[in-house]
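Protein chains in written order, with this note's numbering: chain F, 1 to 497; chain W, 1 to 325; chain U, 1 to 314.
In case anyone wonders, no lab produced these hints; they're calculated from the structure. Any given hint could turn out to be false.
[Said to hold, decoys possible] Take a look, some chain U residues computed to stay more than 10 Å from chain F by CB distance:
hint	residue
1	20
2	27
3	34
4	133
5	144
6	158
7	180
8	187
9	192
10	196
11	201
12	208
13	213
14	263
15	283
16	292
[To be verified] When the alpha-carbon atoms are kept at most 20 Å apart in a straight line, the in silico EDC-like pairs for lysine to aspartate or glutamate are as follows:
hint	chain 1	residue 1	chain 2	residue 2
17	F	49	F	25
18	F	338	U	144
19	F	338	F	371
20	F	49	F	114
21	F	49	U	194
22	F	116	F	138
Virtual Cβ for every residue (Gly too), placed ideally from N, Cα, C.
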Amino acid sequence: MTVPALEMRGIVKTFPGVLALSGVDLTVQSGSIHAIVGENGAGKSTLVKILSGMYQPSAGEIRIDGAPVALASPADAARFGIAMVHQELNLAPDLTVAENVFLGRTPRRGPFVDRKALHTGAAGILATIGARLNLDAEVGGLSVSQQQLVEIAKAYAAGPRIIVLDEPTSSLSEHESQALFGVLRRMRAQGTAVIYISHRLREVLAIADEVTVLRDGALAGARLREGLTATEMIHLMVGRDVSDLFPKHAATIGEPLLEIEGLSDGLRVHDVSLTVRAGEIVGMTGLVGAGRTEVARAIVGLGPRTAGRIRVHGHDVAPRNPAEARRAGIAYVPEDRKRDGIVPSLSVRENITLPILSSLSRLGWVRARAERAEAQGQARRLGISPPDPERRISLLSGGNQQKTVIARWLAARPSVLILDEPTRGVDVGAKAEIHAIIGDLVSQGLGVLMISSELPEVMAVSDRVYVMHEGRIAPPLGRDELDERRIMALATGEEGL
Amino acid sequence: MSTAPLVKPRHVARSTLAVAGSLALPIAILAVLFFGTAASPNFLSVSNLLNVLTSMSIIGVIVVAMTFVLVSGGLADLSVPATVAMGAILTLALQPVLGTIGAFAAGVLAAGGAGLLNGVLVGYARINAIIATLATGTVILGVAQWVVGGVIVYGADPTSGNLLKGRIGGVPTLVLIFAAAVILGHLLLSHTVWGRWTRATGDSLPAATAAAVPVRLVSAGAFVLTGIASGISGGLLALTLQNARPGIGEGYEFDSITAVVVGGVSILGGQGSVPRAVGGLIFVQLLTNVMTLMGVRTPVQGLALGLLIVAAVALDLAVRKRGGA
Amino acid sequence: MTQFLLWAVRYRVLVILLTVLSVAIMVVPGFASPITVGLALDRAASMGLIAVGLTVLLAAGQIDLSGGAVFAVAGIVAVVLQPVIGIWPAAAVGTLAGLMAGAINGFVVVGLGVNSLVATLATLLAFRAIGHWITQSQPVSGIDIMVALAISQVHWGVLTLRAGLFLALILLLHVWLTRTVAGRNLLALGSSPEAARSSGLRPGRMIILAFIGAGVLAGGAGVLQSLAVNTGSPVFGSDMTIFALTAVVVGGTRLEGGRATALGTLGGVLTLATLTTGMEFSSVPAYVQEVVTGTILLTLIVLDRFARQQAAMT
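Start from the sequences, fold in the hints, and give me the full structure.
Structure follows, in structure tokens:
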């Protein structure tokens, strides 16, 4: 019985107000590829952040090759041969590709950088992983998928004992993904323990030897890949049938509420056109970096807009900022809840009423009773828990924070609601609630544009789906045309737009 | 089918540190009062305390405005000495031409204009506030001196300061002005749309932007406020002293920032209130008074203030890190 | 036309330096003589030494406002101790005082976790207070005027000891930032503290060392200044920080960290030195000098922001 390369036992992790991991076990053998799957908010990222030394477990034990270790910092983790490819890219934008690949272990001659070794080494590694990049280019100027390749190269360069990849293919093309799989198989053959986090079940089935499923911060099950099916994985991940998760309300589809023609932002978005009609849930999907968020931001004035027409209820509008967008009837719930969504020190009430404060005030003085009434109404309607609107929003769970941000924009009485990854980082219970809310809204005549990377979600609730690829948009797929393979083909560029 | 324990947010009891953080200021003020009474017989006299209150009033107006700068995430306004000087110099220089009130208004307007410049640079051009206000301060101070040919300006009418040096209803006029500023400032920050926008902008600029808050206007406005407040203070100073040197506002920027920071207003933005800033001011002024009465020399006082800032900020950070308050 | 403007913005340091130089030569009689150049360089040197330290700190994403105060205190220490332990040992102790000041800054920022802006604002107050305390707010005289003359002596027509030291350090800084592991790591830290930490670098240690370096430089500059004028004074260096900061920012080093250029700092320092010397020579009153310097700084900062936005668009 070989000693596993990695054993994590009984890992518990708490943050203020949140129990992120409640006693998770993970065992990974040398020379194997071990996938960790789970919904957003299941705890996958937290678990690997503990492994990479960025977080410390509140309780539990970690053993490497049988010996207990303490990973107090990333430097510790590096010393034990753990390399990590992060989901949120962790590169120094002002340094070059070659410098980033070797950051922290730069080849040197005395105090000086050994440029020749740096270049040859970096070139070699990039070739191995099949990436064609300019070694002297500043990383900050690269596209997201190129940056991801640099991250992978950096981890590979460390010659690690254990390598962890967190959603590594989220912005890679099909071709680049296959090349990555080749690298991972090679590493497996060399005896490295590969930990692969993904919620792309198709990939997991293609590459993994063993699978650990997390759900709501706990271990839902660990299986060998042999004989494992996607359905069983989903069942473990979700705890119930998928169809329950995304209840689809039938709603009458009415007039076009939002019409976008030829939208460009001069950077990532080229000539995008789409329509959202009353009572409709329009899904918008694509790979990370495809430009979906940029489209939304361009519409409401959070990002540049160099060309295009926007019509709401048939009237031309040109919002230069979210306030003008709101007046035009368009509301946008941002993708990054932590950065662009919540105002952390303010209460739930203050967060909800922020865009409409002027209308709840007289001559600049806030009318407290009117504000409280509005906030309480929204909170109740969306089931925000705990139901005290005076509570600081930073103390709420991810799901409730998301509901608060949605409530904020509902308070603005929009005609069209754009939701960007509305259920990311939200636990399963809240996810269903949010989808119920969305269904409710459209049945009242609102139009919803839902940007999401989660195919099951998109396919289950959308009336029509737009797929974006590298800044361009494909004609919408109707509900009867929805097919996972077709959508992926459009998203990765295999099928031309 | 039973599921794994759901992720439940636990109600966080306010950590001891957080409670300590919010009580620290009143306790500190009480401590200084006790210490002062013990250290010097002159301390607890009406005349001494009234003196402290009066000298506090001039910088107090600036402290109220500086609170907005910090809470909105504007870091700091280092051009205060220049705008104070501008207000002071113009008030006395233009007095023969525009009369006392007119000259005072001109001084405040000019200072407010300087604040507008700061506001545009920091709020709209998004330049680092420290650099911007350091630079504009240099320019403004130079311009203020240039305008009068580099000389010290003296008051033409010695009686013009009498109202300010006197009392209304038993309370020194300057203190009344300060009190008015405090009340106005507090109401503005805590009960108006503008105040809410200020707090949101400082707490999370991207989130406030996405939530339709006019963040650039709010950021700029804070600096206009400090400009106006400094102009007012400068004018008041000039009328009370009946002279205006270019160095008249020296140290005011550090003093006001110290007061605000010691009061628990975070330099990172979002947290804080006018009462807290005023509390910090009271503490610092009382402490300085005690040290002066004890014969502690100015440089040592400066050292103590420096240590105070560090201690206050470190405490604030420690409280924040534990997720309390 | 737009092409020219874009080029001008990109090489703005050089453009501004040449502009200022040309104006100075035209407007100020006798500006283009070796004596004036030597004087300007010597002037530049004090500010320049502080600017070098600032460049390193900015590269790491930190700032130091206390340089001017450290300058004053180090000089005071060097002068005050002269009768006690001799001129050169006193000078060494003065520089050591600079080192300790840097260490204190480093401790407050790293150990206590205080934002470097606030921290160095506080230490600025504290150090200046110490300076006033030691000297009772009066300037103090040194014991040997001959040393002062020796330090101010001009070699090869244009270079004083300080100017030479400054130029040497700029060269060293350039090599350090572009070719050494430590320098590149520091830039990585300023560029992305997260990336640096997760790559196993030790941000705390790097930042403390950077502050110590800046402290030594400011202290050394202060010691040299006090020796050169045979005086220590608590008000020396009051404008130093803003001048040095101006020079560094003018030169293109980014305030937020991650991008630093030694040659840029050189250009910035030379520009400011030309400006101040030129204005002095034309008997421009101090307050007008302030207006000019401040306006140039503002213009450059705005241009820099504009240039960066353009770069981001392409």
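Hints the structure violates: just list their numbers, smallest first. The structure conflicts with hints 7, 8, 9, 10, 11, 18, 19 and 20, although it agrees with all the remaining ones.
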